[in-house]
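The chain contents come next:
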Amino acid sequence: MVMTAAPHAAQAAHWMKKDLLGLQELSAEEIQLVLQTADSFWEISLRSIKKVPALRGKTVVNLFFEPSTRTRTSFELAAKRLSADIVNIAAQSSSLSKGETVLDTVRNLEALKVDMLVIRHAAAGVPHLIAKRATSSVINAGDGAHEHPTQALLDLFTIQEKRGRIKGLTVAIIGDIAHSRVARSNIWGLTKLGARVIVCGPPTLLPPHIESLGVTATHDVNAAIRDADVLMLLRIQHERQEAMLIPSLREYRLRYGIDRERLTKAKPDVLIMHPGPVNRGVELDSAVADGPYSVILDQVTNGLAVRMAVLYLVSGAPKVDAEDG
Amino acid sequence: MAKLVIRGGHVVDPANTRDGRFDVLIDHGKIAAVEPSIPANGAKAIDATGQLVTPGFIDLHTHLREPGREDKETVESGCRAALKGGFTTICAMPNTTPAMDQRGVVDFLRQEALRVGLVSVHPIGAITRGREGKELTDFGELFDAGCVALSDDGNPVWNGFLMRRAMEYARIFDRPLIQHAEDPSLSAGGVMHEGVVSTTLGLRGIPAESEAVIVARDIALAELTGGWVHFAHLSSAKSVEMIRQAKRRGVRVTCEVTPHHVALTEEAAAGFDTAAKVNPPLRTEQDRLALLEGLRDGTIDCIATDHAPHTEWEKEAEFDAAPFGISGLETALAVCAGALVASKIISWTRLIESLTANPAKIAGVKAGTLSVGAPADVALIDPKAQWTVDPAQFVSKGRHSPFAGHAMTGRVVRVLRHGAEVHGA
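From first to last, the protein sequence lines are chains A and B.
Counting from 60, one number per residue, gives the positions in the first sequence under my numbering.
Counting from -4, one number per residue, gives the positions in the second sequence under my numbering.
A few of these clues could be false.
[Stated by the list, open to error] No farther apart than 20 Å at their CA atoms in a straight line, the calculated lysine to aspartate or glutamate pairs in the EDC-like style are these:
| no. | chain 1 | residue 1 | chain 2 | residue 2 |
| --- | --- | --- | --- | --- |
| 1 | B | Lys339 | B | Asp377 |
| 2 | A | Lys191 | B | Asp385 |
| 3 | A | Lys191 | B | Asp377 |
| 4 | A | Lys251 | A | Glu89 |
| 5 | A | Lys191 | B | Glu311 |
| 6 | A | Lys226 | A | Glu88 |
| 7 | A | Lys172 | A | Glu220 |
| 8 | A | Lys191 | B | Glu163 |
| 9 | A | Lys251 | A | Glu84 |
| 10 | A | Lys191 | B | Glu416 |
| 11 | A | Lys191 | B | Asp66 |
| 12 | B | Lys39 | B | Glu416 |
| 13 | B | Lys242 | B | Glu163 |
[Claimed, not checked] Ranges of calculated distance between the beta carbons of each label pair, as one might list FRET restraints:
| no. | chain 1 | residue 1 | chain 2 | residue 2 | range |
| --- | --- | --- | --- | --- | --- |
| 14 | B | Gln381 | A | Val359 | 55 to 63 Å |
| 15 | B | Thr92 | A | Ala181 | 25 to 33 Å |
| 16 | B | Trp308 | A | Gly227 | 24 to 32 Å |
| 17 | A | Ala181 | B | Leu284 | 30 to 38 Å |
| 18 | B | Leu109 | A | Pro126 | 32 to 40 Å |
| 19 | B | Ala402 | A | Arg314 | 34 to 42 Å |
| 20 | B | Arg160 | A | Leu313 | 26 to 34 Å |
| 21 | B | Gly293 | A | Asn281 | 34 to 42 Å |
| 22 | A | His297 | B | Arg160 | 36 to 44 Å |
| 23 | B | Pro179 | A | Pro336 | 48 to 56 Å |
| 24 | A | Asp163 | B | Pro179 | 39 to 47 Å |
| 25 | B | Arg124 | A | Met303 | 29 to 37 Å |
| 26 | B | Arg291 | A | Ser271 | 46 to 54 Å |
| 27 | B | Glu65 | A | Ala181 | 30 to 38 Å |
Derived from the structure by calculation, the hints contain no laboratory data.
Predicted model, so just to flag it, every value in this text is computed and none were measured.
Beta carbons: idealized from backbone N, C-alpha and C, even for Gly.
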């Protein structure tokens, strides 16, 4: 694979952050640096011996307070392909009720002298809470409905790979924006790199003041499809029906689901993306999910390279003492 | 007890519309004279030059946590925090464990407060048994035991029928029902104001309307029943406007605002700072400005701290899991001096009135004045003192504040209670 380097690449020579908490706090140059680094790691996974010694001797902990298969596996393989040691911990997210706090858990891990903590938690802000207190690097693998930075980075990588650019493209994010960390991270990343972002969904699934994040909001899926170079679909959770956010999954499919017919209104070279897992027959019809416009599996492949890049960059950041709050 | 004279200070005593340079003579724990000049004549003298001399403050809304959560606060630590903040009278909210819903718990609180002997503590009893919103408590027993008002604070009285009956029945006692205005069906799961910041952080919001709908309903019920409703900790512009209109119609409604709601907005929670997690939440600048206007035009009667102490380990948690509440007694005066007086919203006199004479009227207590013959509960304020908030220095067990690190101007430097110096240099 060949990717054109961004014009300002040379200026962003160094990664200076201890943690990767979100795309809100990254500059466009820092985002490009991750994408370029991912590009250089991409072919490692095609080798017969899929391993380089970049992180030999480093210890990474996958600290997942919320179940995850895809993201956890992707981080695990990324660490292993860079020769890091990795430990997976599926922790109780309700530890407070058991008397042990999240910070207690982290202090115990830090006492074991680990280097990087990859954190997934159902509550927004947990990686930030930990990063303030921990000396090890913290990578946010998804915090509540807040951010999922590595997902957005792999989405940006995929768009850049397929289209050769991000600037000037129109990306429509369709679905449950209110509860989506993927949507928020993508909004920051895409707008910083110069894309136009449309968020689309029923009013109940668009959070208040979402346009203050620099996007256009619409309830009209056909308008979103018509203008978009990329359609990014989000998973609709069954619970949304119980919370009266949508009347039914059927109603959602009829109004907002992307099927072949609706896709005829799209640009001829539109990209279909989804962070997975897909609810087939709800937000995305199988024929579209598996069809020629879909790059869903490319996203997964690219995610590995992006996570290798993030682990590598964060590990090399100059270490400063954690802020003591 | 020896005589004491406070000399050279600027007396602010709104109950007596006194605002100027006066000396204050204290004899046998009571105010004996307030005159332009009182010679010491052998009495002990306190030099108050450059200081404001005011009645000790009255807090209508303090959470003392005892009995039940003595790790968060005790009657003793809460009273010490009150004194440091200039409060000589506090009203204790009933959300203890067990709840203050019967005489035994009220008696315990009053006895413990007497044992501690630092400030006057007036209990607020629960409106419903166990604060569960199902059955009324024995109002008469609670008022006879010394309660000054009733409230389910922490929880709203959500059931409209029950609130109607409570307001009707409470008319016997001519005391207010303090409503924590929140519709739980609209606020459920929320952890901060529903707005730009909650959307950015991906946190569940609490809309201002969850407060406003209960304020609207209870104003209507007060009109229906002739009962007296007092709204705790107002947070939204809509609520202020409805109360303004209700007061114009003569409805029996009073209300309070906290120092944090007049000084801060939803922005304080950016960065997931759990010190700013409070219920009702800090709202928008537009709401904050409406609260300031409410204080300025008298729609809002008083300032109350909603002092809500928690342990450090509980507050150092996920934003979703951390408890709501701000430790507010020790910063109240300085926060209000900055947000209200220095910014020229109201005068010192109006601020002190909101902290003394007005809450005294609502609580129905003989305090909050420097009238001759009144107990000598006095606060001395250095209005120019510069300091920085450091929660580690709080005497409250709740060492959490959204004002941590904020520069303050104005500080309570001495407090007298019944003529004795209980806090100060």
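Do the hints match the structure? See the list:
| no. | hint | verdict |
| --- | --- | --- |
| 1 | B:Lys339 with B:Asp377 | holds, 18 Å |
| 2 | A:Lys191 with B:Asp385 | holds, 19 Å |
| 3 | A:Lys191 with B:Asp377 | violated, 36 Å |
| 4 | A:Lys251 with A:Glu89 | holds, 11 Å |
| 5 | A:Lys191 with B:Glu311 | holds, 11 Å |
| 6 | A:Lys226 with A:Glu88 | holds, 13 Å |
| 7 | A:Lys172 with A:Glu220 | violated, 38 Å |
| 8 | A:Lys191 with B:Glu163 | violated, 52 Å |
| 9 | A:Lys251 with A:Glu84 | holds, 11 Å |
| 10 | A:Lys191 with B:Glu416 | violated, 42 Å |
| 11 | A:Lys191 with B:Asp66 | violated, 25 Å |
| 12 | B:Lys39 with B:Glu416 | holds, 12 Å |
| 13 | B:Lys242 with B:Glu163 | holds, 19 Å |
| 14 | B:Gln381 with A:Val359: 55 to 63 Å | holds, 58 Å |
| 15 | B:Thr92 with A:Ala181: 25 to 33 Å | holds, 28 Å |
| 16 | B:Trp308 with A:Gly227: 24 to 32 Å | violated, 50 Å |
| 17 | A:Ala181 with B:Leu284: 30 to 38 Å | holds, 36 Å |
| 18 | B:Leu109 with A:Pro126: 32 to 40 Å | violated, 55 Å |
| 19 | B:Ala402 with A:Arg314: 34 to 42 Å | violated, 53 Å |
| 20 | B:Arg160 with A:Leu313: 26 to 34 Å | violated, 47 Å |
| 21 | B:Gly293 with A:Asn281: 34 to 42 Å | violated, 54 Å |
| 22 | A:His297 with B:Arg160: 36 to 44 Å | holds, 41 Å |
| 23 | B:Pro179 with A:Pro336: 48 to 56 Å | violated, 34 Å |
| 24 | A:Asp163 with B:Pro179: 39 to 47 Å | violated, 31 Å |
| 25 | B:Arg124 with A:Met303: 29 to 37 Å | holds, 32 Å |
| 26 | B:Arg291 with A:Ser271: 46 to 54 Å | violated, 29 Å |
| 27 | B:Glu65 with A:Ala181: 30 to 38 Å | holds, 32 Å |
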